[in-house]
Amino acid sequence: MLELEPWQRRESSLKFMTRAVASMPNDAGYASASIEGRVAVEWFDPSPESQARKYAFKCHRQQGTAAEDGNAPVDVVYPVNALAFHPVHGTFASGGGDGMVALWDGVAKRRIRQYQRYPASVAALSFSADGKYLAVAVSPGFEDGKEGGVEDEEGGVVKIFVRELAEGEAKGKTAK
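Position one of the sequence shown corresponds to residue 1 (full-length UniProt numbering), numbered consecutively onward.
These aren't lab readings, by the way, just hints derived from the structure by calculation. Misleading hints may appear alongside valid ones.
Derived pair list, reagent style DSS-like, types lysine-lysine, alpha-carbon separation capped at 25 Å [to be verified]:
| # | residue 1 | residue 2 |
| --- | --- | --- |
| 1 | 109 | 173 |
| 2 | 109 | 54 |
| 3 | 54 | 15 |
| 4 | 54 | 171 |
| 5 | 171 | 58 |
| 6 | 159 | 109 |
Build out the structure end to end from the sequences listed, making use of the hints.
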């Protein structure tokens, strides 16, 4: 019987359940996402200098109001369900229960762009091998508390959208 030992073991930087993980295309590290609307970016290099670069950030949140008084602003937090790294530029996309997809520059620690809302929770993301296309799968995630999905005019709630990216659309802020 073949025994497989992990190369590294790590404690998650995120406090709540992990929903997605994706490796950087240059094999330098990875990003992980959780149900608490956070993404963590970490590096494989175990040196203290490299580990000092890891960070986490909040995303996939919307402003709402508290139900008790109706006026107090609150953050409505959605799970981050999907992550995918661009194979050429090394930037990454996140997809959330809010139906939003955002592109991030993990080196500059900045959001590059956010796309218009999809009709349901983003369930999965994938870039094509050449980075020219981004596939986005959506399906009801029940984040809004509703049990049944409402069919749209095409007769369904589970869909796959393929976006053709413009030249440089996924290029990071630090790229020249």
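Right, here's what the structure says about each hint:
About 9 Å separates the Cα atoms of residue 109 and residue 173, which keeps this hinted pair within 25 Å; it holds. Using a Cα cut-off of 25 Å, the hinted pair residue 109 and residue 54 holds, with the two alpha carbons roughly 11 Å apart. A C-alpha spacing of about 15 Å is found between residue 54 and residue 15, which places the hinted pair at or below 25 Å, so the restraint holds. For the given pair, residue 54 sits about 21 Å from residue 171 by alpha-carbon distance, which is consistent with the 25 Å threshold.
A hinted pair counts as satisfied when its Cα atoms are at most 25 Å apart, and residue 171 with residue 58 qualifies at roughly 21 Å. Distance restraint check for residue 159 and residue 109: the Cα-Cα separation of roughly 30 Å exceeds the 25 Å cut-off, and the hinted pair is therefore not satisfied.
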